[in-house]
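Novice: Next come the chains, spelled out residue by residue.
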Amino acid sequence: MNASAWNMLLEGAWTTVWISAVSIAIGVVAGLVIALIRLARIPIIDQLLVLYISVARATPLVTLALFIFLSAPDLGLDLNRSVAGILALTLNTTAFNAEIWRSAFRNFSREQSEAAMAIGMTPWVTFRRIMLPQMVITSLPGLVNEMSFLIKGSPAIAVIGIVDLTRVTNRISAVTYEPLPPILVAGALYMAIIGCLVWLQRLAERRANRLAM
Amino acid sequence: MSEANTSETAAVSIRHLSKSFDDVEVLRDVELEVKTGEVVTIIGSSGSGKSTLLRCINWLEKPDRGSIHIAGQRIGVHDDGRPMPVRELAKVRAQTGMVFQGFNLWPHLNVLHNVTEAPIHVQGKSKREAEELATALLEKVGMSQKHDSYPNTLSGGQKQRVAIARALAMQPAVMLFDEPTSALDPELVGEVLAVIKDLSAEGYTMVMVTHEMAFARAVSDQVVFLEKGLIIERADPETFFTTPKTDRVRKFLENHDTPSSA
Amino acid sequence: MSNWEILWDERAQFWSGFLSTLEIFGLSIMGAFVIGCGLLYLLEGSRKRLTTPLRIFIDGMRMLPFLILAYLLYYGLPSVGIRLDAWGAGVGALAVYHGCYFAEIFRGNRLTFPPGQIEAAQAHGFTKGKLFFRLLLPQIIMQTRPLLGNQLIYALKDTAFLVIITVGELTAAANSLSSTYFIPTEAFIVVIGFYWAISVTMEIIIKQCGRFSAKRGFDNV
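Residue numbers (my numbering), protein chains in the order written: chain P, 1057 to 1269; chain E, 6 to 267; chain Y, 42 to 262.
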């Protein structure tokens, strides 16, 4: 592989990383919002969210990406590829994150908030200072694990023509007629990215153990 | 019972308090007055309503009828029956410090920050001021070596002593102890009782639910016996433990360790 | 003619895509299951020369996207003289990839296995193979079934990646119908419905297995 092939691979890696990072950032927050809304148990809205989570978890990312990209014009939306890709990854990861956040809510003990209320905290301060920090710590290992899954699913956006770290190997071999080297390098780059997340997850787990009283 | 209206000066004043869970009456027309500097112990068998009574004082349980004043301020509802807005309720609650059976320390904060959390984020104290106060209180409960430890590394007795410091940090008008030693291994009970005893000697106002009879006798100014939600006996500790008026209390005391006047 | 009527007329295409997805999924998870059990058996041996590279292989697979493995088998292998068609490469990649996940799930459960049972079996003269197949494996499978169920759903979703290496399955059917008739929204809604139905069915089956397992007392060991 020559220098330009290496450059293309790094550009592909960058595309994978930034699109995934944006989707992760939106997905983590949106998952939290959905979990909070579900706490309120509003009829109809709650059922719709359950349906969304169930369908989104069962839909392959490839199918979702094609669906969003191809039917956006039908719905009068003008999405470029990157936005469609981010939307597909986000819709998918949000559903998983919502479940992770929700289980943290459910496992949060009443005694913890009682201790906060008894000392004179308002419900808002209790949420912000006591509940949310603990939920972040308990959810983080699961959230980071889901981030690894998102990276592993991200090659799906290649199907709508985004040149990510997987797709770029086709581009390179179209010129060099040697598909094996770029695929192996791409695999190594994925391992490096996901390796970082696995390491982060381990740190997060160690911190979460502190909460196990 | 003195019927004089002392609710302006009393640390806690409870009038006609009733509370039911579903259709079981757990508190029936309870009247209790705790003067500033006084230690009141609530005794009774399990299910007598003593924990509920304590939890009504800071409105963790909402009573059905009656009124509670903390240092002259009504808690939970206004005199015209309007429920208190959460901010106002939080302000009155800050006048009480509660120590729980299960400690309920916040596991995501270290010992020091467990104590400074409420002074900073409820009272708006500066970080420095809160930490000075916390350092002094942790010293008082014998935990000054553990500032940076997290709750999961502490023994039960240590956790409870930190929980006491946390409650004291708000400089409350009254301290509420809900069976503070029931969840402890027997050999750790002493260290927690010693701290509470020091507090009573320093003149803190306290209401305590406990099964430690000898301890109750040693520190209380007033002992209250609750049975099926009714206060059936109240007296100074000497009278209560040596010459109880009712058979029920006599039986109860026989079944518990007869306390020597420690 | 409404878009939905067009789709109804073309139902044969959906159906064959659906069957193709089911076939790929069924074959590959059977393969994955055998690979997972095989890896677990090999890991049982205490020879470090074998277990260390196996652990590295399993962990490595779990750090790769599935599509990279499919690319490797479909585009990469011909470079070393092995030529697979898209279908074979796809099923093979799915089986190996998810086989590694199965192996890791089994291994995690194996670590928590009480040693007393194994000692008891050894004391009764069980051979290594018998001990593995009659004692360890059935219990491990029953106890890990919720995790296996999750993994099956991931495997189902990964079958859709094969459209990228030109395998004609369910997503490919929607893709070709939507480009023939320009009705992507309806075509993909139908296909997503298919995937959802398969997932829900699998979840129900896993739950039923749970009842069976509880009855046999597998969960309390």
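In case anyone wonders, no lab produced these hints; they're calculated from the structure. Be careful, since some hints might not be right.
[As the list claims (entries may be wrong)] Computed Cβ-Cβ distance ranges for the label pairs, DEER-style:
1. E:A141 with P:F1164: 27 to 37 Å
2. Y:E160 with E:V91: 27 to 37 Å
3. P:S1159 with Y:L176: 28 to 38 Å
4. Y:A161 with E:A141: 37 to 47 Å
5. Y:S254 with P:I1098: 50 to 60 Å
6. P:L1104 with E:V91: 38 to 48 Å
7. Y:Q163 with P:R1162: 41 to 51 Å
8. Y:E160 with E:G147: 43 to 53 Å
In this text, a Cβ means the ideal position worked out from N, Cα and C, and glycines have one as well.
Novice: None of the hints should be skipped; say for each whether it holds.
Specialist: How the hints compare with the structure:
Here the CB-CB span from A141 (chain E) to F1164 (chain P) is close to 32 Å, well matched to the stated 27 to 37 Å. In this structure the supplied range 27 to 37 Å is violated for E160 (chain Y) paired with V91 (chain E), their Cβ-Cβ distance being about 60 Å. For the pair S1159 (chain P) and L176 (chain Y), the supplied restraint of 28 to 38 Å holds, since their beta-carbon distance comes to about 33 Å. The beta-carbon spacing between A161 (chain Y) and A141 (chain E), approximately 60 Å, falls outside the hinted interval of 37 to 47 Å.
Take S254 (chain Y) and I1098 (chain P): their Cβ atoms lie about 36 Å apart, and the range 50 to 60 Å is violated. Under the hint 38 to 48 Å, the C-beta atoms of L1104 (chain P) and V91 (chain E), about 30 Å apart, miss the expected range. Remark: the range hint 41 to 51 Å for Q163 (chain Y) to R1162 (chain P) is upheld by a beta-carbon distance near 43 Å. The given range of 43 to 53 Å is respected by E160 (chain Y) and G147 (chain E), whose C-beta atoms sit roughly 48 Å from each other.
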